[in-house]
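Generate the whole structure from the sequences, applying the supplied hints.
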Amino acid sequence: MGFFDRDPLLMNDVLLSTLASIFALKRWGIGEDQIDRGLLFIESNITSINDEKQHHECRSQGTWKQS
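Anchor point for the sequence shown: position 34 equals 34 in full-length UniProt numbering, and the numbering is continuous, going up by one each time.
Rather than coming from a laboratory, the hints here were simulated on the basis of the structure. It should be emphasised that the depicted structure is a prediction, and the values quoted were computed from it without experimental measurement. Worth double-checking, as some hints may not be accurate.
Restricting the straight-line Cα-Cα distance to at most 20 Å, the calculated cross-link-like pairs of lysine to any residue (SDA-like) are [to be verified]:
#: 1; residue 1: K26; residue 2: L40
#: 2; residue 1: K26; residue 2: R37
#: 3; residue 1: K26; residue 2: F41
#: 4; residue 1: K26; residue 2: L10
#: 5; residue 1: K26; residue 2: V14
#: 6; residue 1: K26; residue 2: I42
#: 7; residue 1: K26; residue 2: S48
#: 8; residue 1: K26; residue 2: L15
#: 9; residue 1: K26; residue 2: D36
#: 10; residue 1: K26; residue 2: L39
Structure below.
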């Protein structure tokens, strides 16, 4: 089972973790290849942030409330 076979809610966490890693690597001045790979990953998956399926799943679980 690959990463993308899992709960789609994890994608937001993965994107944020990737972004945090990119910031750290950039600040430390290391890992240019990893930074490039991370940016490509974010670019390829950024549309999942607005994925309605993720928001509907949250609402059905009662963990997401709209004000």
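For each hint, the structure was consulted:
1. This hinted pair checks out: K26 and L40 have alpha carbons roughly 15 Å apart, not beyond 20 Å.
2. The suggested pairing of K26 with R37 holds, with an alpha-carbon distance near 13 Å, which does not exceed 20 Å.
3. Distance hint between K26 and F41 is fulfilled; the C-alpha atoms sit about 16 Å from each other, no more than 20 Å.
4. For the hint linking K26 to L10, the alpha-carbon distance of about 24 Å lies beyond 20 Å, and the restraint is violated.
5. Of the supplied pair hints, the one linking K26 and V14 holds, its CA atoms being roughly 18 Å apart against a limit of 20 Å.
6. Proposed proximity of K26 and I42 is supported: the alpha carbons are some 16 Å apart, at most 20 Å.
7. For the given pair, K26 sits about 25 Å from S48 by alpha-carbon distance, which is inconsistent with the 20 Å threshold.
8. Taken as a hint, the K26 and L15 pair is honoured in the structure, with Cα atoms around 16 Å apart against an allowance of 20 Å.
9. Distance check on the hinted pair: K26 and D36 sit about 11 Å apart at the alpha-carbon level, within 20 Å; holds.
10. Among the hinted pairs, K26 with L39 is consistent with the structure: their alpha-carbon atoms are about 12 Å apart, no more than 20 Å.
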